[in-house]
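Read top to bottom, the protein sequences are chains E and R. Quick note on numbering: the first sequence equals residues 1 to 561 in the working numbering. Quick note on numbering: the second sequence equals residues 562 to 673 in the working numbering.
The hints are simulated quantities; they were obtained by calculation from the structure and are not laboratory data. Bear in mind the structure is a predicted one, so any value in this text is a computation, not a measurement.
Below, computed lysine-lysine pairings styled on DSSO-like, alpha-carbon distance capped at 27 Å:
hint, chain 1, residue 1, chain 2, residue 2
1, R, LYS650, E, LYS104
2, E, LYS96, R, LYS604
3, E, LYS488, E, LYS532
4, E, LYS558, E, LYS337
5, E, LYS448, E, LYS413
6, E, LYS372, E, LYS448
7, E, LYS559, E, LYS337
8, E, LYS532, E, LYS337
9, R, LYS595, E, LYS32
10, R, LYS650, E, LYS96
11, R, LYS604, R, LYS669
12, R, LYS604, R, LYS671
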Amino acid sequence: MITDALIHSTRRTVLIVEDEAVNRDLLGIILKGNYDVLYASDGLEALEILETYPGRVAMILLDILMPRMDGIEFLRRRGADEALSRIPVIVLTSDKDAELETLKMGALDFIAKPYDMPEIILARIQRIIEFVEDRQIIQEVERDELTGLYTRGFFFEYSRRLQAAQGGELRDVIAVDVDHFRLVNEVYGKGFGDELLCAVADGIWDELRGGFGIACRGDVDLFYVYLNQREDYEAVYSRLMDRVHALGRQTNVRLRMGVYRGVEADRPLDWYCVAAKAACDTIRGNYARSVVVYDSTMHERELYNERLIADMETAIAEKQFVVYYQPKYDIRGDVPKLYSAEALVRWIHPELGFISPGAFIPLFEENGLISKLDDFVWREAAAQIRDWQDRLGICLPVSVNISRMDFFDTDLKRKLLEIVAENGIPVDSLVLEVTESAYSQNMERMLKTVGELREAGFRIEMDDFGSGYSSLNMLCVMPIDALKIDMKFVRNVVNSGVGYRMVELVVEMARALDVPAVVEGVEDEAQYQMIKRVGCDIIQGYYFSRPVPPEDFEPMMKKDR
Amino acid sequence: MLTIDSLRAYGANVNEGLTRCMNNESFYLMLVGKSLEDRNFEKLREAMAAGNTTAAFDAAHALKGSTGNLALTPIYEPICQLTELLRGKSEAVNADALVDRIMEQLEKAKQL
Numbered sequence: 001m002i003t004d005a006l007i008h009s010t011r012r013t014v015l016i017v018e019d020e021a022v023n024r025d026l027l028g029i030i031l032k033g034n035y036d037v038l039y040a041s042d043g044l045e046a047l048e049i050l051e052t053y054p055g056r057v058a059m060i061l062l063d064i065l066m067p068r069m070d071g072i073e074f075l076r077r078r079g080a081d082e083a084l085s086r087i088p089v090i091v092l093t094s095d096k097d098a099e100l101e102t103l104k105m106g107a108l109d110f111i112a113k114p115y116d117m118p119e120i121i122l123a124r125i126q127r128i129i130e131f132v133e134d135r136q137i138i139q140e141v142e143r144d145e146l147t148g149l150y151t152r153g154f155f156f157e158y159s160r161r162l163q164a165a166q167g168g169e170l171r172d173v174i175a176v177d178v179d180h181f182r183l184v185n186e187v188y189g190k191g192f193g194d195e196l197l198c199a200v201a202d203g204i205w206d207e208l209r210g211g212f213g214i215a216c217r218g219d220v221d222l223f224y225v226y227l228n229q230r231e232d233y234e235a236v237y238s239r240l241m242d243r244v245h246a247l248g249r250q251t252n253v254r255l256r257m258g259v260y261r262g263v264e265a266d267r268p269l270d271w272y273c274v275a276a277k278a279a280c281d282t283i284r285g286n287y288a289r290s291v292v293v294y295d296s297t298m299h300e301r302e303l304y305n306e307r308l309i310a311d312m313e314t315a316i317a318e319k320q321f322v323v324y325y326q327p328k329y330d331i332r333g334d335v336p337k338l339y340s341a342e343a344l345v346r347w348i349h350p351e352l353g354f355i356s357p358g359a360f361i362p363l364f365e366e367n368g369l370i371s372k373l374d375d376f377v378w379r380e381a382a383a384q385i386r387d388w389q390d391r392l393g394i395c396l397p398v399s400v401n402i403s404r405m406d407f408f409d410t411d412l413k414r415k416l417l418e419i420v421a422e423n424g425i426p427v428d429s430l431v432l433e434v435t436e437s438a439y440s441q442n443m444e445r446m447l448k449t450v451g452e453l454r455e456a457g458f459r460i461e462m463d464d465f466g467s468g469y470s471s472l473n474m475l476c477v478m479p480i481d482a483l484k485i486d487m488k489f490v491r492n493v494v495n496s497g498v499g500y501r502m503v504e505l506v507v508e509m510a511r512a513l514d515v516p517a518v519v520e521g522v523e524d525e526a527q528y529q530m531i532k533r534v535g536c537d538i539i540q541g542y543y544f545s546r547p548v549p550p551e552d553f554e555p556m557m558k559k560d561r
Numbered sequence: 562m563l564t565i566d567s568l569r570a571y572g573a574n575v576n577e578g579l580t581r582c583m584n585n586e587s588f589y590l591m592l593v594g595k596s597l598e599d600r601n602f603e604k605l606r607e608a609m610a611a612g613n614t615t616a617a618f619d620a621a622h623a624l625k626g627s628t629g630n631l632a633l634t635p636i637y638e639p640i641c642q643l644t645e646l647l648r649g650k651s652e653a654v655n656a657d658a659l660v661d662r663i664m665e666q667l668e669k670a671k672q673l
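Between the sequences and the hints, there should be enough to build the whole structure, so can you do that?
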């Protein structure tokens, strides 16, 4: 690692350009304790030396009046060369007149003749070298190499200062995020991903042109902008999307934008960025909305979510998570019969109380923690199957969720088989529910893994059927053992007349695939009658029972089996 | 012989000159010796004789820097005056007396 101490301990080289031997030698003896010194007796010789030792000279001390090539001409040549113009110049002068001209030509400081105390000369040289090198380091790290926007750290540093000086100006922060960027990279390649990020950055540059504002790439596919308030962010958004479309590919790439209106000086800018990002995240996966303005409830939710994430590991260790079971009934006969159960996790938090799975499951799915929770539920469910088998003599299949994230674990099959073996239960008693959307997002891998799990003896149910985007073609090649559809989904998409027809279609589809059709979320007698009439095989829902703790589940096992 | 004491007696601001030489006496004396042999003194004399004020200015300017740095005050002072007199001029007026004084002080120093 390059540390400040290392940088400042390296011996720098100073080039003295001076025709007067006495002056040259004097500077030489002053400098040689701290620097390596090169000498040139005029501008031409200086240029030759700089060409001979590229990148070596850290500072040039330049006399003005010299034969062959004077200091003014040397400064002119230096100014025309990018590499040379990075080397700072201190002019050696005995004339006040020369100072302004050389300053205009890029000299940073002067050393008057007769010379000041050596200590003063050394201090000036050292300060200029440090200043210039620090500036160069900053220039190298303050910009994001790909997009040319500021890097995150510098953005926050600069915007904090701007925020302190903003006075009465109305300013906002926006967060722009590329929806499913990882997927875009995977599908279209990293080259296209980079092009996309640059297009967004260019669009942001355009928005800032002529007005106040700075922007950074805060994370891989996340941009923050601090800018003068705009009336219409939908318009800003559509201009950014125009940039994306101009890339000329038929893609479904979508940006999301979160806006914080009215940045004040009372909170750090980071806070406003987090708020804008939180607003932006509320429409993840919601294709109907692309721009969201932050409101205060979002921050409370953000804090709440952070709390849940922070508490998760402890909750597993302390068994705050409990598994409830909801029965599935086979309604094909005259009397409904208990067919199986679904394991559903509940979180009873010591301080926050009962937390709805809807509050923590999407959260854990987002950051990957879901895999740990899934693992916990699998083990609990398997142990429960075994317990019922031992105590009641009933081997009831229990289904558990396999999250999309779990499929990234190459060890998935081995882990599941191990759980089954440890509990001494049949492989097909632990049923695996996989959501349809997991299939459509990484089809090949899913088909392969699900195929392997089935070969190992597991049964697979496709969950939330109809909410994803699977094609009929995909359904034909999909290795599954049941189709599961949510009543709620049916109700949401269509009015009741068509809803009936929809369920009918799904049931027919299940017939065609030769697997049972499962409908969940059946709540009342009317729905039950309708579903039964359609010819659905299995029903899960409040009509029979809500999810309950194992001890409350057992009576159903004894009665309805 | 050129020594710290003789230079001091001559009127040089020895302490100032020595400071610039990091108090290295022999280095200082060496530079003073070199300075007294500076070809610019000869150039100055020739340029003045030829009425070439530009060349005279260049020589005087160069000498101003080195004698100033070595704090050879008896030479440095008239050279400063001469430099200002010649600066931007095509004709030198009243310069001869200054040049004479410079050469006089130069010879005096060489006798040390």
